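**Q** Chains as they are written, first to last, in our numbering: chain A, 934 to 1164; chain B, 934 to 1164; chain C, 18 to 248; chain D, 18 to 248.
Just so you know, the hints here were simulated from the structure itself, not pulled from any lab data. All figures in this text were calculated on a predicted structure; none of them were measured in a lab. A couple of the hints might just be wrong.
[Claimed, not checked] Covered by chain B, according to a simulated footprint, are these stretches of chain D (three or more residues, beta-carbon under 8 Å): (1) 50 to 64; (2) 88 to 98; (3) 136 to 146; (4) 176 to 190.
Even glycine gets a Cβ: it sits at the ideal position worked out from N, Cα and C.
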Amino acid sequence: MTASGNPPHVGAPMSIDHRLSMDELAAVIARDIPAGAFVNLGIGQPTKIADHLPIGSGVVLHTENGMLNMGPKAEGDAVDPDLTNAGKVPVTELPGSAYFHQADSFAMMRGGHLDICVLGAYQVAFNGDLANWHTGRPDDVPAVGGAMDLAIGAKDVYVMMPLLTRSGEAKLVARCTYPLTGVGCVSRVYTDHGVFDVGPEGIRIRETYGVGASELAERLDIALCDAPLHD
Amino acid sequence: MTASGNPPHVGAPMSIDHRLSMDELAAVIARDIPAGAFVNLGIGQPTKIADHLPIGSGVVLHTENGMLNMGPKAEGDAVDPDLTNAGKVPVTELPGSAYFHQADSFAMMRGGHLDICVLGAYQVAFNGDLANWHTGRPDDVPAVGGAMDLAIGAKDVYVMMPLLTRSGEAKLVARCTYPLTGVGCVSRVYTDHGVFDVGPEGIRIRETYGVGASELAERLDIALCDAPLHD
Amino acid sequence: MSRAEIVGSTDAAVSGIEDGATVLVGGFGLAGMPFDLIEALIRQGAKDLTIVSNNAGNGDVGLAALLAAGQVRKVLCSFPRQADSWVFDGLYRAGRIELEVVPQGNLAERMRAAGAGIGAFYCPTAVGTPLAEGKEEREIDGRKYLLEYPIKGDYALIGAHRADTLGNLTYRKTARNFGPVMATAATTTIVQVDEVVEAGKLAPEAVVTPSIYVDRVVQVQTRRYTVQGAR
Amino acid sequence: MSRAEIVGSTDAAVSGIEDGATVLVGGFGLAGMPFDLIEALIRQGAKDLTIVSNNAGNGDVGLAALLAAGQVRKVLCSFPRQADSWVFDGLYRAGRIELEVVPQGNLAERMRAAGAGIGAFYCPTAVGTPLAEGKEEREIDGRKYLLEYPIKGDYALIGAHRADTLGNLTYRKTARNFGPVMATAATTTIVQVDEVVEAGKLAPEAVVTPSIYVDRVVQVQTRRYTVQGAR
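Hey, can you work out the whole structure from these sequences and the hints?
**A** What follows is the structure, given as structure tokens:
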């Protein structure tokens, strides 16, 4: 397992001996977020990461509906309909919270002030292209929310997703077939089978879960930039 | 003397039997500002208008350094270095004041939310062009402040100035010779000799002070759009 | 002149909204949604409306009820597809309502531009995606941007927490969201608040929407919906 | 990561400012001017600075003292010509300092754009004036605009009223002015405050500058200059 902190991973990939559940993956991502980082967790799976941030982690959560230093989900009497996260789930505030309006919130994002955002995805391409807002199916109501703003806004965009679709196709692809959310914006992909760093020179395996690096590489329809050194 | 209120002046110009001091002119402008208007008073002479707004006028003063509902000049113990007008003079707040930062303050102005601003001027042209920021002399340090933003921002831009320069030349001109502050932006000019409405069809005398309308018209090097009906 | 009026009923508050008007409707999901104003608008009956809002209605209340009443021709929003957006979904699939999807940050920034007198702006969001179609692209300092134009409303309906008698507003927690931006972007801004207080009772440094942006205020019995999708 | 640091001295606060840096300096005249940080910068001795500020120094204190120390190569400001701007005046007339005059609203909006990730924007200010020279003009919806680019700082030095231990800021009255905008536009934002309080002590709705924009905070003995030009 990787140490927390942001230094680019060098050398052989770390590994865990079983494929991770989404909850375990959320824990891994939580440990990779450095103390003091300003982070936006996208709706859906990434929201789970908040549950794994230790108390006093110093990570400051941003929610695009206008808040910094968001606390955990609200329960019982703490539920306040005026205080929700971007998924419209009631949440709480931590000491040192601040509220701001929507234009200020997205200025914060678009201006590159967030350190990390973690998003779900349909597909991520070799070059960091992201597709996560629309299946492109004609009968699907298109809905983008803040995804395109987040994709181009944070200093690092992490994706959290199962590596394979239900029918077994890799979601890490040579070229996205789904409509794009952002171009070349993803810097790291967390999946149940392993973690991938996406850089200018291509994709590199950072960690593997329940699978050898070579085997993992073979499952993908893309060339990895650095053949793993061990299995 | 004109009644207060904003309806465009129709028919013969009003008159007062003497040329006005700048202080008297400030009182005239104060009476012309409708209750409830949001108004910015430029630095210099226009600042005097505030002294002539009756208590309870309902006029809300904006100062571009970030405040609405500014009160009168601060005296004695009321002086607070953190509370000044755009001329850096200590002022006070009225009940219902609000503070905002500089970008929000100029957004308010540029977005057309102010009803009136009153500015001093070197020259105003026939077509409403305004010159008030720079003499254009090579040894003069250029300084624009908020003048160009105000000129294009308020719904109505009034100018308050002596009609003549010290050497006797009219400052209401066919074409500005000083560097411009804004193009076609002035809607009314208050001078010690009279008041002029500036519209798409040209300039019309609204009031005269100590001079007949015909005589006033003759002093100007521009054609008035509507020959005054009486002297 | 635009001084705010405190009106006695929500019906008075929404009077005059014409068929075909563009109405900005505050709220992020249900937080900040001006439920009472929308109910009054349903009674008032204006038709063929274009609604600008983050979502396209949740459950059967608020914006969803307005859609169900058949008063809306078109919706501009970022995220119409939610578990509880069945009203919009039905209308959309039946071809009875138009949809324009706008990234959430662009929605906010385009309304800010309308309120701030910005003619257009270059924004990095959505470059290279299907939502870039038809938009002018420009490279500035090595980064690609799309040219985005202001979104202006004829009316804004928003919910705030407190107003003073001049119309200054404060908001509660994340219910602030789009309210302050929409207030600047509409010709007539109509606000429902939990409480109207005397001018001077709101801390001038804590005012979020200055009175200049507010036209009509109505105090309502607080009603908040706690759970998204609750019927 | 960018979590704010509370430092023990103004010398520590300004450490690392390089020769040739662009430094945004808050304040409108003397209100909001970060006097103590500027004094520390004089002790620190960085040279060849480009200063962005509304004015070019008043009296012999603050920014004027920095200019007098010969550390500034160029000033970008809106209003350098004031009764008490004798330091700047002398340097400018001696050809020892460069000046770029920017309309006040553009100064604010261009810094906002830098902080908000806007590539450029079309602004109606200064159209048809000498300050339009060299700028791209475009007509949008029948109105003329100039294309304006962001102004980004390497550092911002600003004065605020209170900070909490996370770096959230509040301001007093019109001393707010450029502070919140500059905080968003600089790589490193350095703030002097009257008081540092525990996180949780500032009302989250009343925070003006959220902690994400703040890098270093130092508490200083309040010192305010009451009269413009007082020596």
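**Q** Work down the list of hints and note, for each, if the structure agrees.
**A** Tested hints:
1. With 0 residues carrying a beta carbon less than 8 Å from a beta carbon of chain B, the region 50 to 64 of chain D misses the three-residue requirement, and the given coverage is violated.
2. Proximity of the region 88 to 98 of chain D to chain B, defined as three or more residues with a beta carbon under 8 Å from a beta carbon of that chain, is established by the 4 residues found.
3. A count of 7 residues in the region 136 to 146 of chain D with a Cβ less than 8 Å from any Cβ of chain B is obtained; the coverage claim is therefore met, three being the minimum.
4. Taking a C-beta to C-beta cut-off of 8 Å, the region 176 to 190 of chain D contributes 3 residues in contact with chain B, enough for the three needed, and the coverage statement holds.
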